[in-house]
Amino acid sequence: MNDFTNAFKFIGDNSQLLWDSALQTLKLFAAGFSIAVVIALPIGIVLGHLHKAGFLAINVSNIGRALPSLAVIAVLLATPLGIGFWTVTVALVILAVPVILTNAYVGIDEVDRELVEAARGMGMTAWQILTRVEVPVALPLIFAGLRTAALYVMATTPLAAFAGGEGLGNIIANQASYKIEGVIAASLIIAALAFLVDGIFALLQRFATPRALRGRRGQDIAKGSAVVTT
Amino acid sequence: MIALIAQAGPVIPDFGTGSSCVRNNDTFCWDWFKDNWDTAFGPRLVEHIELTLIAIGIGCAIAFACALLAYRFSRVELPFVSVSAFFYTIPSLALFQLLVPISGLTRLTVEIALVSYTLLILFRNMLIGLRGVPDDVREAARGMGLTRRQSLLRVELPLALPAILAGVQIATVTVISLATVAAFVVDEGLGSPIFDAINRGTFKTELIAAAVLAIGLGFIAYALIALLQRLLTPWARARNA
Chain E
0 MNDFTNAFKF
10 IGDNSQLLWD
20 SALQTLKLFA
30 AGFSIAVVIA
40 LPIGIVLGHL
50 HKAGFLAINV
60 SNIGRALPSL
70 AVIAVLLATP
80 LGIGFWTVTV
90 ALVILAVPVI
100 LTNAYVGIDE
110 VDRELVEAAR
120 GMGMTAWQIL
130 TRVEVPVALP
140 LIFAGLRTAA
150 LYVMATTPLA
160 AFAGGEGLGN
170 IIANQASYKI
180 EGVIAASLII
190 AALAFLVDGI
200 FALLQRFATP
210 RALRGRRGQD
220 IAKGSAVVTT
Chain R
0 MIALIAQAGP
10 VIPDFGTGSS
20 CVRNNDTFCW
30 DWFKDNWDTA
40 FGPRLVEHIE
50 LTLIAIGIGC
60 AIAFACALLA
70 YRFSRVELPF
80 VSVSAFFYTI
90 PSLALFQLLV
100 PISGLTRLTV
110 EIALVSYTLL
120 ILFRNMLIGL
130 RGVPDDVREA
140 ARGMGLTRRQ
150 SLLRVELPLA
160 LPAILAGVQI
170 ATVTVISLAT
180 VAAFVVDEGL
190 GSPIFDAINR
200 GTFKTELIAA
210 AVLAIGLGFI
220 AYALIALLQR
230 LLTPWARARN
240 A
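Just so you know, the sequences run in chain order E and R.
Residues in the first sequence are numbered from 0 upward in steps of one, following numbering that gives the first Met the number 0.
Residues in the second sequence are numbered from 0 upward in steps of one, following numbering that gives the first Met the number 0.
What the hints contain is simulated information worked out from the structure, not anything from laboratory work.
Check each hint, because a few of them may be wrong.
FRET-style restraints, in silico, Cβ to Cβ [said to hold, decoys possible]:
| no. | chain 1 | residue 1 | chain 2 | residue 2 | range |
| --- | --- | --- | --- | --- | --- |
| 1 | E | Phe194 | R | Gly215 | 25 to 35 Å |
| 2 | R | Thr38 | E | Ile38 | 39 to 49 Å |
| 3 | R | Leu226 | E | Leu55 | 12 to 22 Å |
| 4 | E | Arg131 | R | Phe27 | 49 to 59 Å |
| 5 | R | Trp29 | E | Met123 | 58 to 68 Å |
Backbone N, C-alpha and C define an ideal beta-carbon position, used for all residues, glycine too.
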């Protein structure tokens, strides 16, 4: 337990170092996560709208889950990308894309067909149906995917230290210089950041849910089993 | 002069005596992989499978007991989900380190962390599976004179099996993935050669070999459990056909 008291002392003594490291960790997180969103969200939404490639869109997240994050980083280290910011970012993107894509696909694909028919009957164009009916109804699932992906990315970001990334993971990887109290301090802050990110996405998920749907779907889709494969 | 160049280059095992492939740190050197299988990879693979099986076994036992309890008394659900979600949210590298002052640099530390990551997934899927049993099926079992226990064992659990196995499947690949990180705490599993290769100056052959083994193990485990699910629930196949 002494290690924990020392860790809090370390946090007090090294607030500047920890603050800078935390910012670098968040920068990596933001880079990986936002690139993944830009890639995965449009693909998932379009495939869901067309009801095409369902088998692929659903199984891609299972494949993603089976990919060990450290192994992905290891493979990328052996490519010409080498050590550095981009290796880490690419690894984060690879891990985050599948969950976002699958949830966006399932969310849009499972929108009640009668709802879509009604919208079409009202004279809505395909674009209007997508943006005014399908996406709003699918938002809870889409955000559940974003939340799970955010957690994956946040969990993997500290591993970046082993691939030349900056941030809190570096303190953990350098126990020789920071001692056990530094390692514990960095771990505590990483855990705190994970709770922060998860909390923010939980709130986003809540606000993104159209009021009429609140408390219905949002309840059963929590992280970890955004899509229960049976 | 040659010595100087050697020092400046990456620290590669057998530097100077190994094959030209190893010395140049080419993408993948089969000869090195074959020569080191018995020491660097085979035992690591076995350890990795051990770590995974222990974690899944203990995780299933805890989650199953709690899920049955929550199925009977729904008040148990929220506390269990809250506690397991708490652990699930902590990034693995941090959780391993936070446990070190408590349980040391031991396999116990690794297993505590790995088990805690399985609980949320397993518990949730078990409960979803059990609650997914239609009410009329449950009533029919009652009507046939089955006791509550018989109904659970012979009717409800078999019907919940697909969801339960789906949970085991996800938990298993998750543990295989996280067990690679465990090597940072205990020198075991396939993460060990990965960290070793990084310390040697990104020795590519070792990196790729360990990573491919870890990824392959995840996929094989995934496929095996999918197969098990098919074999154990023949009625699901009949319905789909």
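Structure-based check of each hint:
1. Phe194(E) to Gly215(R): 25 to 35 Å: holds, 34 Å
2. Thr38(R) to Ile38(E): 39 to 49 Å: At 41 Å between Cβs, range holds.
3. Leu226(R) to Leu55(E): 12 to 22 Å: holds, 21 Å
4. Arg131(E) to Phe27(R): 49 to 59 Å: At 52 Å between Cβs, range holds.
5. Trp29(R) to Met123(E): 58 to 68 Å: Taking Cβ atoms as reference, Trp29(R) and Met123(E) lie about 60 Å apart, which means the hint holds.
In summary, the structure agrees with every hint in the numbered list given earlier.
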